[in-house]
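Q: Fit chains F and A to the given chain X structure using the hints.
From first to last, the protein sequence lines stand for chains X, F and A. Per this note's numbering, the first sequence starts with residue 1, numbered consecutively. Per this note's numbering, the second sequence starts with residue 396, numbered consecutively. Per this note's numbering, the third sequence starts with residue 498, numbered consecutively.
Check each hint, because a few of them may be wrong.
[Claimed, not checked] Computed list of lysine to any residue pairs in SDA-like fashion (alpha-carbon distance at most 25 Å, straight line): (1) 329/X / 468/F; (2) 86/X / 126/X; (3) 518/A / 329/X; (4) 496/F / 659/A; (5) 329/X / 569/A; (6) 518/A / 489/F; (7) 329/X / 659/A; (8) 329/X / 558/A; (9) 518/A / 599/A; (10) 90/X / 118/X; (11) 86/X / 242/X; (12) 518/A / 97/X; (13) 329/X / 464/F; (14) 160/X / 249/X; (15) 518/A / 462/F; (16) 58/X / 74/X; (17) 518/A / 404/F; (18) 518/A / 588/A; (19) 518/A / 333/X; (20) 518/A / 426/F; (21) 100/X / 569/A; (22) 518/A / 496/F; (23) 518/A / 569/A; (24) 86/X / 109/X; (25) 329/X / 311/X; (26) 329/X / 472/F; (27) 496/F / 417/F; (28) 518/A / 452/F; (29) 329/X / 372/X; (30) 160/X / 109/X; (31) 518/A / 486/F; (32) 518/A / 418/F; (33) 160/X / 486/F; (34) 100/X / 517/A; (35) 518/A / 98/X.
Bear in mind the hints are in silico, worked out from the structure with no lab data behind them. All figures in this text were calculated on a predicted structure; none of them were measured in a lab.
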Amino acid sequence: MSIWSDPIAFIGSWLENLLVGWGLSLDLVQVLIAALGVVVLITALMVFDILLVWIERKVVARFQDRLGPNRVGPFGIFQPFADVLKLITKEDITPRGAEKFLYNLAPILSLLSVLLLWAVVPLAPTILGVDLNVALVYLVAAGALGTLAIIMAGWASNNKYALLGAFRQVAAMIAYEIPMVVALLIPTVLAGTMGMKGVVEAQRVWFVVLSPLGMLVFLISAVAELGRAPFDLNEAESEIVAGFHIEYSGMKFGLFYAGELLHAFTFGALIGILFFGGWKWPLPFGDRYALIGLVNVVIKGMFFYWVIMWIRYTVMRIRIDHMLYFSWKFLTPFSLAVLMVTALVHSLMRQAPYPLYVLSLFLANVLIAWVTIEILRRYSHQERVRLVGAAVQRN
Amino acid sequence: MIPLSWYLFLSAALFSVGVFGVLARRNAVAILLAIELMLNAVNINLVAFWRYLTPTQMSGQVFAIIVLAVAAAEVAVGLALVISVYRRRQTAVADELDLLKW
Amino acid sequence: MTLAQIFFLLVALVMLFSALKVVTVRNLIHAALWLVVTLFGVAVLFAMLDAGFLAVVQVMVYIGAIAILFIFAVMLTRRDASEQGAPLNPNWPVSALIALVTFGGLAWLLRAWQGLPESAAALPAGVDALRALGEALVSPQAFALPFEVASVLLVAALVGAVYVAYGRK
Chain X
1 MSIWSDPIAF IGSWLENLLV GWGLSLDLVQ VLIAALGVVV LITALMVFDI
51 LLVWIERKVV ARFQDRLGPN RVGPFGIFQP FADVLKLITK EDITPRGAEK
101 FLYNLAPILS LLSVLLLWAV VPLAPTILGV DLNVALVYLV AAGALGTLAI
151 IMAGWASNNK YALLGAFRQV AAMIAYEIPM VVALLIPTVL AGTMGMKGVV
201 EAQRVWFVVL SPLGMLVFLI SAVAELGRAP FDLNEAESEI VAGFHIEYSG
251 MKFGLFYAGE LLHAFTFGAL IGILFFGGWK WPLPFGDRYA LIGLVNVVIK
301 GMFFYWVIMW IRYTVMRIRI DHMLYFSWKF LTPFSLAVLM VTALVHSLMR
351 QAPYPLYVLS LFLANVLIAW VTIEILRRYS HQERVRLVGA AVQRN
Chain F
396 MIPLSWYLFL SAALFSVGVF GVLARRNAVA ILLAIELMLN AVNINLVAFW
446 RYLTPTQMSG QVFAIIVLAV AAAEVAVGLA LVISVYRRRQ TAVADELDLL
496 KW
Chain A
498 MTLAQIFFLL VALVMLFSAL KVVTVRNLIH AALWLVVTLF GVAVLFAMLD
548 AGFLAVVQVM VYIGAIAILF IFAVMLTRRD ASEQGAPLNP NWPVSALIAL
598 VTFGGLAWLL RAWQGLPESA AALPAGVDAL RALGEALVSP QAFALPFEVA
648 SVLLVAALVG AVYVAYGRK
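Excised from the complex, chain X in its bound form (with noise of 0.2 Å):
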């Protein structure tokens, strides 16, 4: 065991004989230990996140044509830290006919159920916090968690803003939740565990060639889940104001902005690790050094950070209904099909030579992909048909 390869059991175990040398018991050093260590990856990722407010407001500048911060430090990169001041400083109100405790526990749970999520995303083969064997439930059962923090924001704050988007935040969430728990089952499927180091292992070949529009379907109910535009109907400026969190100000809103922030990075990186090949890369020594791996989901992450980005700038806010409907009339059955086929392709090919399975696999996608287009485009010409039919006998 060296430093390079397992530096978090390096470290620990030095830790380990030196509290024990002092003369403190065993099992209490490996609790404080194994605090020490949620402690640390917290901190981190709470410091990444200043980081990302930083990335998040640059990018968005770049896509809307502006420079965006750039007054505070070299490329405005201490902007962040007046952001959280300014926060900080801000008077903190707690409205009358609020539910005070639920209303002040709402901002908590909302970043808690994103830092449960990084117990189990693997940073490396030995950078993780523990290797669930049913990590990719567990993380949408994190998920659930975020759900109730925000039906519990909305109902507490006493407004009915707050409340309307509360609703449809909620009503968004749980019919997402069904296409991105169809679509985790499909490395699950590839791979033969649900535990994310073994989902990594078993890739090969990135998941993302056997399996492009489990993929897909996986970023865009990511999408809908993290609220972003164009699903972002539970912060419609125009039409509820600022949806669930209005009532916050001062930092209680500010830990709602940083678990969406850190939420949309960790979906980033789940898209990586588990259709993306998480910390291997197409060069040696991948699985060797640790610190190489993490960097590789960090790199691999951001990618995706920036690509969710990219969707939320470009891509105009739909319609509540239209947003239900794609979900339930189109996704859902979408990606259980997807599921299907690539279950029995998988339990067909899985003896064959590995090229040829990779192959089929991808080939069945295409496939998948070419009658659901084909099918979208006889549903769009008949309802054209439809419309234009009645406007003509309107007029």
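A: Okay, now just chains F and A, sitting in the frame of chain X:
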């Protein structure tokens, strides 16, 4: 190690609280909430027996999963009925739904 | 008393307290949120019983779906913001008596039951419980039929729920 009887006592207590809720609450939604408590008490029993007596057979966990599915179905139908009744009678209080007592 | 036992007692206390809150508080949203606490306790117990999959599914199904459904239903079925009238019906002492008798009877039975194991049987080594569960659910020799029946029941219930709750225009 925790004795099996502790789990069973906890489950019995939870079930009794659920019974109380079903019998004593006025609002129909609250009655459904109490039914959830009872179903979960049963689930604790099933999983505890699985773990302590027959960890090699999966029957306990499978039954727990089926109870989970039945609970979901029950909630969906129950709440649909409550909402439907509320729409007609403007009340969700079980005592006021006494049309058949006339 | 070991650490695990103290932890169990703490969880049990929280669960019983929140369960009592569920059946007594006036505000139904609070009741639903207290139910979430109880169900989370159940998930913790599942995790303590080495049923990780059930623990995660418990959180996903109950907290992510059923509790949210309850909150929606409460919001859709109330006349005004604050719940009016007593939360309990007039003959609640009788109900309390029945519940106590139920608990007393169960507790008496459990006391009389000899041979309850003090500690859990060892988990079979080298067997992935999750894999065993999955195989039990779909293998025809085990539980494939009940599992399929449960899924048919779910579909029927969902169709029925949509039909019953659908507002006709």
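Q: If you draw a straight line from the CA of residue 329/X to the CA of residue 472/F, is it 25 Å or shorter?
A: With a Cα-Cα distance of about 22 Å, the restraint between residue 329/X and residue 472/F holds, given a limit of 25 Å.
Q: Hinted pair, alpha-carbon criterion (25 Å max): residue 160/X, residue 486/F. Please report holds or violated.
A: Holds, at about 23 Å.
Q: Within a Cα-Cα threshold of 25 Å, do residue 58/X and residue 74/X meet the stated pairing?
A: 13 Å, holds
Q: Compare the distance between the alpha carbons of residue 100/X and residue 517/A with 25 Å, and conclude whether the hinted pair is satisfied.
A: 22 Å, holds
Q: Given the hinted pair residue 86/X and residue 126/X, is their Cα-Cα distance within 25 Å?
A: 38 Å, violated
Q: Residue 329/X and residue 468/F were given as a pair; does the straight-line alpha-carbon distance stay at or below 25 Å?
A: 21 Å, holds
Q: Within 25 Å, alpha carbon to alpha carbon, are residue 518/A and residue 588/A?
A: Roughly 19 Å between the alpha carbons, so the hint for residue 518/A and residue 588/A holds.
Q: Taken at face value, is the distance from the CA of residue 311/X to the CA of residue 329/X at most 25 Å?
A: Holds, at roughly 22 Å.
Q: Against the 25 Å threshold, does the CA-CA distance of residue 86/X and residue 242/X hold or violate the hint?
A: 19 Å, holds
Q: Just to be careful, I want the Cα atoms of residue 496/F and residue 659/A compared with a cutoff of 25 Å; is the pair within it?
A: Violated, at about 28 Å.
Q: Please work out if residue 86/X and residue 109/X have their alpha carbons no farther apart than 25 Å.
A: With Cα atoms ~23 Å apart, residue 86/X and residue 109/X stay inside 25 Å; holds.
Q: Regarding the pair residue 518/A and residue 426/F, is the alpha-carbon distance no greater than 25 Å?
A: 13 Å, holds
Comparing the model with each earlier hint shows violations of hints 2, 3, 4, 10, 19, 22 and 28; every other hint is respected.
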